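Put chain B on the given structure of chain A with help from the hints.
So the sequence lines, in the order shown, correspond to chains A and B. Note that the first sequence covers residues 6 to 278 in the working numbering. Note that the second sequence covers residues -19 to 253 in the working numbering.
Warning: the hint list may mix true and false statements.
Unchecked claim - Quick list of in silico lysine-lysine cross-link-like pairs, DSS-like style, CA-CA up to 27 Å:
| id | chain 1 | residue 1 | chain 2 | residue 2 |
| --- | --- | --- | --- | --- |
| 1 | A | K133 | A | K200 |
| 2 | B | K155 | A | K131 |
| 3 | A | K176 | A | K84 |
| 4 | A | K124 | B | K155 |
| 5 | B | K177 | A | K131 |
| 6 | A | K201 | A | K133 |
| 7 | A | K65 | B | K155 |
| 8 | A | K234 | A | K65 |
| 9 | A | K65 | A | K176 |
| 10 | A | K148 | B | K177 |
| 11 | B | K155 | A | K92 |
| 12 | A | K131 | A | K81 |
| 13 | A | K176 | B | K155 |
| 14 | B | K177 | B | K155 |
| 15 | A | K65 | A | K81 |
| 16 | A | K148 | B | K(-5) |
| 17 | A | K132 | B | K155 |
| 18 | A | K200 | B | K155 |
| 19 | A | K148 | A | K131 |
| 20 | A | K65 | A | K124 |
| 21 | A | K133 | B | K155 |
| 22 | A | K234 | A | K132 |
| 23 | A | K200 | A | K92 |
| 24 | B | K155 | A | K201 |
| 25 | A | K84 | B | K155 |
| 26 | B | K155 | A | K81 |
| 27 | A | K176 | A | K132 |
| 28 | A | K61 | B | K155 |
| 29 | A | K148 | A | K133 |
| 30 | A | K92 | A | K176 |
| 31 | A | K61 | A | K176 |
| 32 | A | K201 | A | K148 |
Derived by calculation from the structure, the hints in this document are not laboratory data. Computed from a predicted model, the values in this text were never measured in an experiment.
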Amino acid sequence: MLEIQGLSIEFQDVNPPFLAVQDFFLSMNSGEIVGIVGESGSGKTMTSLALMGLLKRQAKITSGSMMFLGEDLLSKSQKEWQALRGKEISMIFQEPMTSLNPVLTIGRQMEESLRLHTKMEAKERKKKALDMMSQVGLAQPEKLYRCYPHQLSGGMRQRVMIGSALIGNPKLMIADEPTTALDVTIQAQILSLLKKMNQEHGTAILFISHDLRVIQSICSRVVVMYQGKIVESGPVQTVLRSPQQAYTKKLLSAIPNRAYSLRRDRKERIESC
Amino acid sequence: MRPKKGDFKKVKKEKNYYFISGGILVTVVTVFMLVGLFYTPYDSEAMDLSLKFAPFTLAHPFGCDQFGRDVFSRVLKGSGTTFLVAAGTLIIGGGLGTLLGLFTGYFGGWPDEVLMRFNDLVVAFPNILLALIFISILGPGKYNVILALGIVFIPSFARLVRSEVIVHRDMDYVKSVRLMGGSHLRILFVHILPNIKGTLFSALAIGFNNAVLSEAGMSYLGIGVQPPDASIGRMMSEAQAYIFAAPGSVLFPGLVMILMVLGFGLLSDGCSV
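Chain A on its own, in the form it takes in the complex:
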């Protein structure tokens, strides 16, 4: 479904030009969940922005190709991008607290994508929005429909975001660190929600994160990025169980180990007595 080959993105407003992404390969089948993992500045977000056609003016795609559903994304015009965004590819990102418009009701924002891409009647839109709200696990959708974002918690807002990204039934959803701003219990809920939506709607998810545990729990395949380059890629279990590259090993060993840190805490406490 998605086929990225040899993608390179360069920032051309600095001298010498800064290579943000270099020779990126990715292919995704429909219904698949693929993770991109890497530290801040490794080019994960640049790649996803390129996929949405929303790179800043200074950033140029210098080589490579992106094919989506058999169409070449790189030759699309602004108008064609607008028709594609939200309809075929949608994206959610990190900050559920600020990604909803504070002065519009939840219902109004859930429907935005329908307003943009379909000619549905108001009644039909509302029905679809309410339906989607209960699908993403929001209780009392009728009541919530008329609420404003400030009345909702972070987890609820992220559910709203997911719902509004999926309401147009896109083929691909890019999730750029969707759980980073949430606490651990809510994180788990959102992850299982994403999994559920993936199974029910068949939406492929490109999951971007720096959290290896999150990637492990949701993705089938993973791409590890470092400084704009792919370091390692393959099925999650293989890559995370037996990493081949030094960087992946380092990344894995950077996960704080609970047992270890507890032991160290106790030791330090004893020593300080």
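Just chain B now, kept in the frame of chain A:
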């Protein structure tokens, strides 16, 4: 007690006394003005020298002026003229200013620079002086006053709206509309504009007051509304010489102006609360 799932914070609405009292005053003045458009007890321009400086009577509740014209009828008519000038000024100045501010703030770049420097130029002149220059080019009269004041009022609105738009254009909710396939125009008018309407309304109310006062000032100087048309400023300027002989013809127009300005001032405070 822990709130149940689906229980939303109820936002307690306090009574907005500024808004209510401002609204009442504005309504009173508006009704007064609307009546004046269709009905005045006497012809506002009919002179009757036998009634020169007539005191307050039941037939002439506000007395008569130096030409024996009924002050009550003239105040009714005059407040309409003043209102028209102020409203016209706001439509031109507020409308164009808001549009300019929206576009320059959102898109930035060189048009923004050019327009803002031009703005600085206009702001450097005192408002009344600038309006005087326009009037001397266009010639006096009701509609030219509207045009002149309208142009003079553009920069303040453009500046205000621009600074608000700059705050909002980089917010995540704007990004998420973009990701759903919304166009720039849609973002500006459907998503950003509602966010700044509070500030805009209070600026409009203050602008209305300034326009009323400017019109009164210009008519007082003799370059605004021309006789025999009645306007609040015009009436006060004409009656000034006879303030002791016929206090009513200064007092009542002044009172109506105070009510108008106070009303809109309170409305503006109410909007910004």
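Against the structure, the hints:
As the CA atoms of A:K133 and A:K200 are separated by approximately 21 Å, the hinted pair is consistent with the 27 Å bound. Proximity of B:K155 to A:K131 is assessed by CA-CA distance (about 23 Å); at most 27 Å being required, the pair is judged to hold. Restraint check for A:K176 and A:K84: satisfied, since their Cα atoms lie roughly 19 Å apart, inside the 27 Å limit. Between A:K124 and B:K155 the CA atoms are separated by roughly 23 Å; this keeps the pair inside 27 Å, and the hint holds.
For the suggested pair B:K177 and A:K131, the alpha carbons sit about 26 Å apart, so the restraint of at most 27 Å is met. Restraint check for A:K201 and A:K133: the C-alpha separation of about 18 Å stays at or below 27 Å, so the hint holds. With a C-alpha separation of about 20 Å, the suggested pairing of A:K65 with B:K155 holds against the 27 Å cut-off. Between A:K234 and A:K65 the alpha-carbon distance is near 16 Å, which keeps this suggested pair within the 27 Å criterion.
The suggested pairing of A:K65 with A:K176 holds, with an alpha-carbon distance near 26 Å, which does not exceed 27 Å. Only pairs whose Cα atoms come within 27 Å are accepted, and A:K148 paired with B:K177 is accepted, the gap being roughly 25 Å. Using a Cα cut-off of 27 Å, the hinted pair B:K155 and A:K92 holds, with the two alpha carbons roughly 16 Å apart. The suggested pairing of A:K131 with A:K81 is violated, with an alpha-carbon distance near 32 Å, which exceeds 27 Å.
Simply put, A:K176 and B:K155 have alpha-carbon atoms about 20 Å apart, close enough for the 27 Å limit, and the pair holds. For a cut-off of 27 Å, the pair hint linking B:K177 to B:K155 stands: about 20 Å separates their Cα positions. Restraint check: the Cα-Cα separation between A:K65 and A:K81 comes to about 15 Å, which is no more than 27 Å; the hinted pair holds. For the hint linking A:K148 to B:K(-5), the alpha-carbon distance of about 24 Å falls within 27 Å, and the restraint holds.
For the suggested pair A:K132 and B:K155, the alpha carbons sit about 26 Å apart, so the restraint of at most 27 Å is met. Restraint check: the Cα-Cα separation between A:K200 and B:K155 comes to about 25 Å, which is no more than 27 Å; the hinted pair holds. The suggested pairing of A:K148 with A:K131 holds, with an alpha-carbon distance near 13 Å, which does not exceed 27 Å. Straight-line distance between C-alpha atoms of A:K65 and A:K124 comes to about 35 Å, which puts the hinted pair past the 27 Å bound.
The suggested pairing of A:K133 with B:K155 holds, with an alpha-carbon distance near 23 Å, which does not exceed 27 Å. Taking the CA atoms of A:K234 and A:K132, the gap is about 45 Å. The hint is violated against a cut of 27 Å. Simply put, A:K200 and A:K92 have alpha-carbon atoms about 20 Å apart, close enough for the 27 Å limit, and the pair holds. The straight-line distance between the Cα atoms of B:K155 and A:K201 is roughly 26 Å, inside the 27 Å bound, and the hint therefore holds.
The straight-line distance between the Cα atoms of A:K84 and B:K155 is roughly 17 Å, inside the 27 Å bound, and the hint therefore holds. For the given pair, B:K155 sits about 20 Å from A:K81 by alpha-carbon distance, which is consistent with the 27 Å threshold. Taken as a hint, the A:K176 and A:K132 pair is honoured in the structure, with Cα atoms around 22 Å apart against an allowance of 27 Å. With a CA separation close to 12 Å, the supplied pair A:K61 and B:K155 stays within the 27 Å bound.
Between A:K148 and A:K133, the direct Cα distance comes to roughly 15 Å. Compliance with the 27 Å bound is thereby established for this hinted pair. A C-alpha spacing of about 8 Å is found between A:K92 and A:K176, which places the hinted pair at or below 27 Å, so the restraint holds. Between A:K61 and A:K176 the alpha-carbon distance is near 24 Å, which keeps this suggested pair within the 27 Å criterion. The suggested pairing of A:K201 with A:K148 holds, with an alpha-carbon distance near 24 Å, which does not exceed 27 Å.
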